[in-house]
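Protein chains in written order, with my numbering: chain A, 1 to 117; chain B, 118 to 234; chain C, 235 to 351.
Worth flagging that the hints you see were computed from the coordinates, not collected in a lab. Predicted model, so just to flag it, every value in this text is computed and none were measured. A hint or two may mislead.
Unchecked claim - So, partial list: chain A residues that the calculated Cβ filter (under 7 Å) puts toward chain B:
1. Ser37
2. Thr43
3. Asn47
4. Val101
5. Gln105
6. Val107
To be verified - Below, simulated SDA-like cross-link-like pairs (lysine to any residue); rule was C-alpha separation at most 20 Å, straight line:
7. C:Lys259 with C:Gln339
8. C:Lys251 with A:Leu33
9. A:Lys17 with C:Lys314
10. B:Lys134 with A:Leu15
11. A:Lys17 with C:His247
12. B:Lys133 with B:Asn164
13. C:Lys250 with B:Leu129
14. A:Lys17 with B:Thr128
15. C:Lys251 with C:Gly321
16. B:Lys133 with B:Gly155
17. A:Lys25 with A:Leu12
18. B:Lys140 with B:Asn164
19. B:Lys134 with A:Glu27
20. C:Lys250 with B:Thr128
21. C:Lys314 with A:Glu78
22. B:Lys140 with C:Asn281
23. C:Lys250 with B:Glu153
24. B:Lys133 with A:His13
25. B:Lys134 with C:Ala248
26. B:Lys197 with B:Glu153
27. A:Lys80 with C:Asn281
28. B:Lys197 with A:Ser79
Built from N, CA and C at the ideal position, the CB exists for glycine as well.
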Amino acid sequence: MNETNQHAQHTLHALKKIEIIVKGKREMFVQDLLEESGVSGYTIHRNVAGRGESGFHEGYLLFNDDASLVMFFAVSDESKIQSIIDGLTPLFEKSSGVMFVSDTQVVRLNKFLADDE
Amino acid sequence: MNETNQHAQHTLHALKKIEIIVKGKREMFVQDLLEESGVSGYTIHRNVAGRGESGFHEGYLLFNDDASLVMFFAVSDESKIQSIIDGLTPLFEKSSGVMFVSDTQVVRLNKFLADDE
Amino acid sequence: MNETNQHAQHTLHALKKIEIIVKGKREMFVQDLLEESGVSGYTIHRNVAGRGESGFHEGYLLFNDDASLVMFFAVSDESKIQSIIDGLTPLFEKSSGVMFVSDTQVVRLNKFLADDE
C-alpha cells in the first residue's frame with residue numbers, strides 16, 4: 001500500500017561511514033579506489049591541516065608534519081569495506097594516512113527499496 | 118551536593134549527530150530547517166567537493182557531478198530527527214542531497230542538567 | 235605465522251573519535267591539549283561557519299554568532315577522553331565550544347600490534 005505514494009516516506013537505513021585522511025597528492029588515488037570499490041558517493045574536504053606521528057607504539061600511521069591533507073567522507077555498505085582497506089594498504093605502507101569506519105544511518109527513499117528488494 | 122560546585126563536572130550525554138550534504142545553493146534552506154526544527158548548533162563546511170550518482174540501485178540520491186557542496190555537522194536529540202527528515206524530503210526529491218544520522222556523545226555541563234531535569 | 239608477512243594484513247580496531255569545535259583563536263589551545271593528552275593524530279578544518287546559542291535549556295554551550303570556527307577530528311583510545319574533557323572545561327566555561335565523542339574503528343597494521351601486545 002505504501003508504494004502507491006512513491007515519495008512519501010524517507011526512513012533511516014544502516015550503513016558504514018568511511019573517513020579517509022591522506023596527503024593532498026593522494027586524492028586521485030583514493031577517488032579512484034572508492035569508485036572502483038563501488039562506493040556511490042563521497043565528499044572531499046581539501047586543504048585540511050593535520051598533525052601526528054608515524055606511531056610505532058600507537059600502531060597506525062599518521063602525519064608527521066603540518067601537511068596539507070584531504071579528508072574523504074563516504075558511505076558504503078559493509079561488504080565494500082575490506083576491498084577499500086586492501087586498496088589503501090600499499091598507500092599506507094609507503095606514505096601517511098588513516099582510515100576510520102563508523103556506524104551510521106542514511107536517509108533513504110522507500111520507493112527505491114520497493115524496486116530493489 | 119554536586120550542584121554546589123556548578124562548574125566542576127562535565128560528563129558525556131548521548132545525542133544524535135546529523136550530517137547533511139547538499140548543493141551550495143541549498144545552504145540557507147538547510148539552515149532554516151535546522152533552526153525551525155530546534156537544532157541548537159551546527160557547523161557548515163563550505164566549498165566541499167563531492168561526487169556520486171543518482172543511484173537507483175543504491176536507493177538514495179547523491180551528486181552526479183563535482184559540484185561545490187556544503188556539509189553540515191549538527192547535534193540533536195532523537196526527537197527532532199524525523200522533522201528534519203520530513204523537511205528535507207522535498208529537497209531530496211527535486212535535487213541532490215544526503216543525510217546521515219549517527220550516535221554520538223556530547224560534553225555537557227552538569228550544572229545545566231540540574232536546572233533542567 | 236602471520237608475523238612473517240609484516241605488511242599483509244590491516245584490520246579494524248575500536249577507538250573513540252573526538253570532534254571539537256571552538257572559535258578560531260582557540261586553535262592553539264586545543265592543539266596543545268590534544269598533544270599533552272597523548273592524542274597521536276588529528277585534522278583541523280579551518281574557517282568553518284557555525285551557529286548556535288548559549289543554550290541554557292539545551293545544557294551545553296555553543297556559538298551565538300556566525301563566527302569563524304575550527305573543527306578538530308581526532309582519534310584516541312578511551313583512556314584519554316577524560317583528560318581532554320577536563321582540559322577543555324576552563325575554555326568551555328569562559329568561551330563557546332562543543333566536543334563530541336563517538337565510537338569508530340581505525341585501520342591498523344597488525345605488524346605493529348605484534349610488537350606492542
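Comparing the hints with the structure gives:
1. A distance limit of 7 Å between C-beta atoms decides the matter here; for Ser37 of chain A the minimum to chain B is near 13 Å, and the interface restraint is violated.
2. A least Cβ separation of about 4 Å between Thr43 of chain A and chain B falls short of the 7 Å threshold, and the interface hint therefore holds.
3. For Asn47 of chain A, the interface hint is violated, since its Cβ never comes within 7 Å of a Cβ in chain B; the closest pair sits about 10 Å apart.
4. Interface restraint check: Val101 of chain A against chain B, minimum CB-CB distance 12 Å, threshold 7 Å, status violated.
5. With its C-beta approaching chain B no nearer than about 5 Å, Gln105 of chain A sits inside the 7 Å limit, and its interface hint holds.
6. Taken as an interface hint, Val107 of chain A checks out: its beta carbon lies about 4 Å from the nearest beta carbon of chain B, inside 7 Å.
7. For the hint linking Lys259 of chain C to Gln339 of chain C, the alpha-carbon distance of about 31 Å lies beyond 20 Å, and the restraint is violated.
8. Among the hinted pairs, Lys251 of chain C with Leu33 of chain A is inconsistent with the structure: their alpha-carbon atoms are about 24 Å apart, more than 20 Å.
9. Distance restraint check for Lys17 of chain A and Lys314 of chain C: the Cα-Cα separation of roughly 24 Å exceeds the 20 Å cut-off, and the hinted pair is therefore not satisfied.
10. About 15 Å separates the Cα atoms of Lys134 of chain B and Leu15 of chain A, which keeps this hinted pair within 20 Å; it holds.
11. Taking the CA atoms of Lys17 of chain A and His247 of chain C, the gap is about 15 Å. The hint holds against a cut of 20 Å.
12. The straight-line distance between the Cα atoms of Lys133 of chain B and Asn164 of chain B is roughly 25 Å, outside the 20 Å bound, and the hint therefore fails.
13. With a C-alpha separation of about 13 Å, the suggested pairing of Lys250 of chain C with Leu129 of chain B holds against the 20 Å cut-off.
14. A C-alpha spacing of about 26 Å is found between Lys17 of chain A and Thr128 of chain B, which places the hinted pair above 20 Å, so the restraint is violated.
15. Restraint check for Lys251 of chain C and Gly321 of chain C: satisfied, since their Cα atoms lie roughly 17 Å apart, inside the 20 Å limit.
16. With a C-alpha separation of about 13 Å, the suggested pairing of Lys133 of chain B with Gly155 of chain B holds against the 20 Å cut-off.
17. Taken as a hint, the Lys25 of chain A and Leu12 of chain A pair is broken in the structure, with Cα atoms around 35 Å apart against an allowance of 20 Å.
18. With a CA separation close to 9 Å, the supplied pair Lys140 of chain B and Asn164 of chain B stays within the 20 Å bound.
19. Distance restraint check for Lys134 of chain B and Glu27 of chain A: the Cα-Cα separation of roughly 26 Å exceeds the 20 Å cut-off, and the hinted pair is therefore not satisfied.
20. Between Lys250 of chain C and Thr128 of chain B the CA atoms are separated by roughly 15 Å; this keeps the pair inside 20 Å, and the hint holds.
21. Restraint check for Lys314 of chain C and Glu78 of chain A: not satisfied, since their Cα atoms lie roughly 29 Å apart, outside the 20 Å limit.
22. Of the supplied pair hints, the one linking Lys140 of chain B and Asn281 of chain C holds, its CA atoms being roughly 19 Å apart against a limit of 20 Å.
23. Of the pairs offered as hints, the one joining Lys250 of chain C and Glu153 of chain B is violated, with about 31 Å between alpha carbons and a cut-off of 20 Å exceeded.
24. Distance check on the hinted pair: Lys133 of chain B and His13 of chain A sit about 15 Å apart at the alpha-carbon level, within 20 Å; holds.
25. In summary, the hint linking Lys134 of chain B to Ala248 of chain C is supported, as the alpha carbons are separated by about 19 Å, within the 20 Å threshold.
26. Straight-line distance between C-alpha atoms of Lys197 of chain B and Glu153 of chain B comes to about 10 Å, which keeps the hinted pair within the 20 Å bound.
27. A hinted pair counts as satisfied when its Cα atoms are at most 20 Å apart, and Lys80 of chain A with Asn281 of chain C does not qualify at roughly 33 Å.
28. Distance hint between Lys197 of chain B and Ser79 of chain A is unfulfilled; the C-alpha atoms sit about 31 Å from each other, more than 20 Å.
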